[in-house]
Amino acid sequence: MSGTVEEALRARREAGGKSLVIYVTGALNDDFETTVLAVAAAGADVIEIGIPFSDPVMDGPVIQEANEKALKGGATPANILSRLQRLEVEVPLVVMTYYNIAAHMGLERFAQSLAKAGVAGCILPDMPLEETADWAAVADAAGVETILLAAPTGDDARLTAVSERSRGFIYGVGLLGVTGVRSELASSATEIARRLKSLTDLPVLIGVGIGTPEQAVEAAAAGDGVVVGTAVVARMLSPEGPQGVAALVKDFREALDASCA
Amino acid sequence: MELNENEALKAPDASGRFGDFGGRFVPETLMPACLELEEAFNESWADPSFRKELDDLLADYAGRPSPLTDCPNLSELLGCRVLLKREDLNHTGSHKINNVLGQALLAQRMGKTRLVAETGAGQHGVATATAAALLGMECCVYMGEVDVERQKLNVFRMRLLGAEVRTALSGSRTLKDAINEAMRDWVATVEESHYCLGSVMGPHPYPWMVRTFHEVLGSEARSQCEERLGTTPDVVVACVGGGSNAIGIFSGFADSPAELVGVEPAGGAAVGRGVPGVVHGSRSFLMQDEFGQVLEAESISAGLDYPGVGPEHSFLAASGRARYESVNDAEVVEAFQLLSRLEGIIPALEPAHALAWVSRERASLAGKTVLINLSGRGDKDVDQILQLLEKEGRA
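Top to bottom, those sequences are chains A and B.
Residue 224 in this note's numbering sits at position 224 of the first sequence, and the numbers go up by one each step.
In this note's numbering, each residue's number is its place in the second sequence (first place is 1) plus 1000.
For reference, chain B alone in the conformation it holds in the complex:
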């Protein structure tokens, strides 16, 4: 099936491709698991009882729908109307729970007893550990050594929830390497384990399946905006690492006139600085050197510290339906403080990237309505920011 721009957020083709991006580049050992997962997802998603079970969990356990919050103080300062989709108010503190509850239910339905996950900032790890606890499944989360150090609170949370946290010591010791380790675990335990991948990346069907589980936030945001504004916003902004929260909110506005903007960290700008490449199961924009070795990303935010991006984002960038910008760490810290001070909402460092871009672009956004996906809350990052500001003598 050939996709066009208007169908951008429909489905990939049979080989899992969004245009030139996607696919299934995994060891042969995992191919039967990918095929089985695709079939199980298709069958479950078409089954009203599965959808009801998930919807009930999202409502009664995760706390959906999440609110839409107007930001009068920030709007006054920036000169544009800023609305936040409050995924930070979900159980476990981020949008990650939407996808994880879906995958965990699916894994259980497939007879798997163990969830394997990777995590950068820890939000996906915490969400996975939570779902595993709820459903009585074993859980093992891989996390880079650097991230274990900067996200101690989430490591403790995962252990409290009964998960085993394994430290990835190779390479950059961040999210990229945690994914490598999780894939190695999956290769070895594929008969009993489901790899609960945390973003819209990896081999088909993951990018499509994870996006589908996150569409709930986009469709909620669309109807909330229409009710509040009588129309859709002018601009929809979200941070992009792998890109799950961004694809979730974009899905609600793909067929609207809204401009879609993904914001990457300057040190991990896969779309901005990448060329197409293949790693972690799919072909997508990837930061790599002249020989095809994957470069290490560098970001203040562990959740965005990734040199690649989900294949659908590459497709959206290539087709022009969405555009991708980047902000630096200093702008992010500024935005983190700005929202906290003006609106009483401490954002995670990840969505602070989206805020930073809006703040920087205030002149061009003047008079417009801007929807930002506030994908997670900042509790996990407070200690890191405190240390940073103390070091700079600003705390």
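Bound conformation, chain A alone:
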């Protein structure tokens, strides 16, 4: 790991750029490590590693399929973390999984396992603000940043409270719906970015429903950057391999950089 998530994203913002967080499904393929390194080299600021769960209610069909494939291939929380621990990546890593994966291992042990594997942050999408306290206490103690989601359905008071408890960045949910590529960027994406920017100084990144470099540029304009998942995972599921994934990430990076030039 290289620094914290928040440091990396603030540095990008201070340099006048827009951040790019890339989601990859953990242990999806044998070339998972190569993919992570290629994604970092292609310009991701932070890489989000999905630890597959059998019942991913926040995810659409593509990430769901990737979860199932990884699980069938023997992916476990422990083996993904141990593969990450052996990997020297130049950007901070974040883990995204569901609450039961953490709870089953024991929240404290899970937090410590993340820290040991060099993972800087964690996203649990089925853990709303009200259920965060137990996890956040052990994550803070282990030095793991708890990244919370902020949704378009929240009022300003709720968005403020969520932003105050979030570490690393605040993950603005771009639309009402699950992860997946949409033909057009939802107006809610720029709206949630604008609202969050007016409420917090924490880096504001928008995810869910961002599938093309053009959509990324549009969403990032109102915030500090974007999280791209499904488009990347679809490429991981295709025969194009790590190079294909890297090419896609590079497209996103270049589009975001060009928009700030």
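These are calculated hints, taken from the structure and not from any lab test.
Even for Gly, the Cβ is constructed at its ideal location relative to N, Cα and C.
DEER-style ranges, computed between Cβ atoms: (1) E1138/B x A137/A: 41 to 47 Å; (2) A78/A x R1051/B: 51 to 57 Å; (3) A115/A x L1386/B: 56 to 62 Å; (4) Q243/A x E1145/B: 34 to 40 Å; (5) E1290/B x A137/A: 22 to 28 Å; (6) D1056/B x D140/A: 50 to 56 Å; (7) D251/A x E1036/B: 39 to 45 Å; (8) D140/A x L1169/B: 39 to 45 Å; (9) D134/A x S1256/B: 32 to 38 Å; (10) D1013/B x R165/A: 17 to 23 Å; (11) E1149/B x A78/A: 35 to 41 Å; (12) S1015/B x P239/A: 44 to 50 Å; (13) E1145/B x R165/A: 36 to 42 Å.
Once you have looked at the hints, place chain B on chain A.
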């Protein structure tokens, strides 16, 4: 608020917990909806006009109160007095209508125009489609592909009632996956849709709200028993998938000396084989592997084919107020035939689990009075049983 055993069926604490179980583990997008629902439920339940509207519908539309039936032939065979609470005689054929009419009225009051539901055996789907038709609401029901196949009649019923039935193709393609799909739909349509959850599970306030809507069957059963027996029964038995019918009848006897027994399918024994876990919005007993991946349940009964259980049942099990047993599919088929032949009542496969346990435990139940919640009727299962018996050369 700390709950003790005697207050077991009162209310969860402010975070929706029954002891260590419950809570609200949902995507952030849904939290405002959960909070709004909790507030609307509290306000409506305190409003006499809402209660009257619901009571009128339960009486004039759903056919409540449902009778209490003595089973002389079965009692003679088993050596204990068996009474059935006849939820199978409700409109749409199960206890599910109690909860659905309550939730549909509430959703309408909240300005929602669409009901989303999941269903296993189809009874909750049919009940939801019925309420939607009655109240002029749009309805979308998710059902696992396996269940669509084994419950064709209920799929047709739902479509006849104007509902859209969407097939869940992921995972085990049963109830668990139908719930995942319904939650995904709810995340995407939360502004216009109410998730009409069919059991005492999910995020707070669902377990508590659904139980409250089913308390009507428990309180009826309590007064019917007292009138018939002059006392409460020795044992109250109900099948448990998510556990809505069981919690409904348990609620009427929680403060009585009656022993409360929940009966799970052997292949879906969340209390018997589970450890605490978090899925579908709450912390409860859950069948899962060593890494926390949710296991697939296997049951002859689509309505009980679920690896988890409602959080209040976990609390009742942990506190010892209720106990949970399991029966296998063969025992269930036997009980299904037994009640049909001896009493002229064809039960759904779900309550046949409760009957199967009573039949198996007849020696220890000798001389006792046993109340079974007959949560649904068996029309939907007749075709499945016919095929099974034909295959075994027994039909």
